[in-house]
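Number of protein chains: 2
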Amino acid sequence: MRDAYIEELDSIFDDLAGICRRVEISVSLATEALMTGNAAIAERVISEDIEIDNARERVEETAFNLLLLQQPVAGDLRTVVAALRMVSELERMGDLSVHVAKVARLRVPDVAVPDEIRPTIAQMAAVAEDMVSRVSSVIVGRDVEAAIALGKDDEEMDGLRRQSFAELLSDDWTHGVEAAVDVALLGRYYERIADHAVSIANRIVFVVTGHKPRAVGE
Amino acid sequence: MRDAYIEELDSIFDDLAGICRRVEISVSLATEALMTGNAAIAERVISEDIEIDNARERVEETAFNLLLLQQPVAGDLRTVVAALRMVSELERMGDLSVHVAKVARLRVPDVAVPDEIRPTIAQMAAVAEDMVSRVSSVIVGRDVEAAIALGKDDEEMDGLRRQSFAELLSDDWTHGVEAAVDVALLGRYYERIADHAVSIANRIVFVVTGHKPRAVGE
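Chains as they are written, first to last, in UniProt numbering: chain A, 1 to 218; chain B, 1 to 218.
Do not rely on the hints blindly, as some may be mistaken.
[As the list claims (entries may be wrong)] The calculated DSBU-like cross-link candidates involving lysine-lysine, where the alpha carbons are at most 35 Å apart (straight line), are: (1) Lys102/B x Lys152/A; (2) Lys212/A x Lys102/B; (3) Lys152/A x Lys212/B; (4) Lys102/A x Lys152/B; (5) Lys102/B x Lys102/A.
None of these hints come from the bench; they were simulated from the model.
Take the sequences, apply the hints, and build the full model.
The following block contains the structure:
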């Protein structure tokens, strides 16, 4: 009985890591759609989000049944509760990549991001993707050091967000209101993906050590 | 023992309703700061958010201890798990009102919202505040009908968001990029507050009836 229980707890973490890898693909494809104005890729991100939603429901059911049938105590209970929160955040990250894909789709056959600001947005996307990718490893390996290191990338994201605002509010901006609004919202979506990555990493620290690394930025 | 347990479960809902009323005040004050350019009110929203964060932690502790010590089954377990999610969403709604207050503060002594678009933004704020206010009643009364009705307000919010985009992308928009970006982000913040209100209402429906009213919009 006890063995089956440990196995079930581990399988929740495998499922979380699997969802995280799906989110990584979703963020990556949404960025590709955004940067190339490719409607088919944008549609794929939007339509495949249901798989992340379904995977979330399965994790919730497993966690709920574990609480119901095994009545875990102390550390195990903390782990299950944390898993429920992490899966919500992963689903939300999927939704945010759908928002990016929808901005891309709205501007097809044009590209939403004007040339001058492409490097900044591409860098935000790269930081977000990298953080999601590293969260998968943090979940699989319950890696506290890697989790704490993730917080530093979040500072890079904040810097990029400020830079994007400086660019679109400068006198050199010639692309008008629509492109500026797109860029501001895209920045918000990538920033929120990064926030959730940090929050999940912090929850892993809490699960492993029993201590919160710092105020969780959610 | 059993009585103390029921009492504790009820007290979690009282706490959630109390946090919801704090969020309501926070949204209302943030809107006032935004519409008047009042820095002191914006600062108050920003500094008092810690009280919502602390109240969240207390609810999480109570719920965790309840899971640990009482090992609730079936409906009660569903209730405690739902409470953990609802308190996360309420904290997030508090954060979003802080974002509104920060936009207000950034533009002091000016007002971030240009005159022509004030009616639309004021209406978004009013819809969001009303939804938060009604969520408090839904939580207190476990009121399924009122919870389902909340979903309809969300459609009004979507319509207002589309309207705000139409206004700031029209040829009549003379306020430049900065004001447009402010308005687009403010719209996003109010929309997310509304989304969370609907999501909490849906969780109450699930707690009371055991069925999800529809896909939870989060």
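Against the structure, the hints:
The suggested pairing of Lys102/B with Lys152/A holds, with an alpha-carbon distance near 23 Å, which does not exceed 35 Å. For the hint pairing Lys212/A with Lys102/B, the CA-to-CA distance comes to about 27 Å; that is within 35 Å, so the pair holds. Simply put, Lys152/A and Lys212/B have alpha-carbon atoms about 39 Å apart, too far for the 35 Å limit, and the pair is violated. Restraint check for Lys102/A and Lys152/B: satisfied, since their Cα atoms lie roughly 23 Å apart, inside the 35 Å limit.
At roughly 27 Å between alpha-carbon atoms, Lys102/B and Lys102/A fall within 35 Å of each other, so this suggested pair holds.
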